[in-house]
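Student: Chain by chain, the residues:
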Amino acid sequence: MSKANQKGGQVISSAIRITGYSSILFVLLILFFLLREGLPALASTPLKSLFSVRWYPIEGYFGILPLILGSLLVTIAATLIALPFGIGSAVFLSEVAPPWLCDILKPIIEILAGIPSVVLGFIGILVFAPFIRRFLDIPTGLTAFTGAVLLGLISIPTIVSVAEDALNTVPNSYRQAALALGATEWQTIWNVTLPAAKSGVLTAVMLGIGRSMGETMAVMMVTGNAPVLPLQLNSLFRPVRTMTATIASEMGEVAAGSQHYEVLFFIGIVLFLLSLVINISASLVSTRSRGRAERLLS
Amino acid sequence: MSSTVMGKAKTLQRIGFSLLGLITTLTVIPIIGLVLYIVVKGAPAISWEFLSAMPTNGMREGGILPAIIGTLYLTLGTAVFAVPLGVLAGIYLAEYAKESLLTRLIRIAIINLAGIPSVVYGLFGLGLFVLFLKMGTSILAASLTLSIMTLPTIISTTEEALRSVPNSFRVVSTSLGASKWQTVRRITLPQALPGIVTGVILGVERAAGETAPILFTGATFFLPQLPHSPLDATMALPYHIFIISTQIPGMPVQIQYGTVVVLLVFVLGMNLIATLIRNRARKNRQW
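Chain order of the listed sequences is B and Y.
Counting from 1 along the first sequence, just add 12 to a position and that's the residue number in this note's numbering.
Counting from 1 along the second sequence, just add 123 to a position and that's the residue number in this note's numbering.
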């Protein structure tokens, strides 16, 4: 082995070390630039009007409450739609379906994960929204519900794959013990396997929620872009506006450094912090449960 | 009596399993339906002219060449930055990092990068690359933004691929006097290569289909000519789909579906290649 070769190896090794830390650097950079552009919003817009109920930037109203509630409404509805399908499919794939069927079904669900959200938004506008309008007989098909269905579809692959992983890590001895005691497979799934995979399934749900909340294009295209407070009973079937859609549709038209620009970045900070909370708690739930499972099995 | 209890439980199981099967079918059918519908509606629009000509008459006629070329540039640009960085960072986590507070911080950072909404990446790219580093709305700024977004996928799959290589390979290599880097380069990396390539393709594929991160960092409504340098703005397929389905009245439906088909073929084609590589590697694996 030559000296030069050895030296090259050392250079590469230190390069590897440095790139290893790059993820931390990027998270900090993202936070820094969001704060740098978005925090001045607190100076230019009083907190009281920032958290008011009117978003009408042309006349200087920057109340982000309708946007936050819009995101919340669409995300909750999407999660409720995605949950039964996501968890149900995960249980079916992991506990019921024979391997050959899994080999067919899993790639199809992976295809869904690969379809760009703008394509789903496109189908939403051209096919799904008109269908909703006719089916429910409402003035427009561009509603929170339309967005929630698309978002549900988008978050299903995440929920399925994480929940299926969680179910697969449940030791087979659990299932065998239940079956040996005379439980049917169905009883085993409900009373043993699913409870044992509880925290992994919870992680799946949380990641699905994160996915829905951060989705932009599909939601922007089909929810009708009306920044109104969605507090009535029928709000689900009316146009709304989410935080992500607001940034995407308005940032292109504002001057850098203007009040509107700052507030849009401020919404970005809110989104960043929300995704931070969701993802950190999701990973805490899954690491803690892994620790518990290891203790139980040792 | 116990036989009727058993019978009831069996019936319940049959109902339950059918229900799960039904739910899964209801999940899968819309996916197949969606892809087939788009292909059937869009295929007639595909012609050599559609793929190779510039758009004319306010994009209502002609082809979509600049959007195709733009997406190719952005995909390549993303790969140029994200692949070396992501693969090296994955090697660090799998082969070099010890369990420490710092390593835990790195993992938390990766999880967070993966969860940040795509439009927030767009804001970040606007703040850092477009404005602060004065790259302007450009292919360069958009590629950099997309590559940071792609990083977590590439890092995680690289790490996973390396970790699946049995430890005995490393032990043998080290016992023969190889240094850490020599072991990585000659032993573990080649073994993990198919897994890494799969991850890279899946990551870059996701970037190719993204719209929100390039909205304010590199995408433009219309270009009369192809971009000349990395500092030019560009058209891109996902953004073009957004434009022709929401911003242009009287857009012919066939061109809309045709554009969607081109993006789908591009993205799902990459997906398919990644899956094939993974399956072949699994079959040929000797450990």
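These aren't lab readings, by the way, just hints derived from the structure by calculation.
Accuracy of the hints is not assured; some may be wrong.
As the list claims (entries may be wrong) - Subject to a maximum C-alpha distance of 20 angstroms in a straight line, what follows is the list of computed PhoX-like cross-link-like pairs (lysine-lysine):
no.: 1; chain 1: B; residue 1: Lys118; chain 2: Y; residue 2: Lys406
no.: 2; chain 1: Y; residue 1: Lys303; chain 2: Y; residue 2: Lys221
no.: 3; chain 1: B; residue 1: Lys19; chain 2: Y; residue 2: Lys303
Student: So, for every hint listed, does it hold in this structure?
Tutor: Right, here's what the structure says about each hint:
Between Lys118 of chain B and Lys406 of chain Y the CA atoms are separated by roughly 18 angstroms; this keeps the pair inside 20 angstroms, and the hint holds. Proposed proximity of Lys303 of chain Y and Lys221 of chain Y is supported: the alpha carbons are some 14 angstroms apart, at most 20 angstroms. Under the criterion of a C-alpha separation no larger than 20 angstroms, the hint pairing Lys19 of chain B with Lys303 of chain Y is consistent with the structure, at around 13 angstroms.
Comparing the model with each earlier hint shows no violations; every hint is respected.
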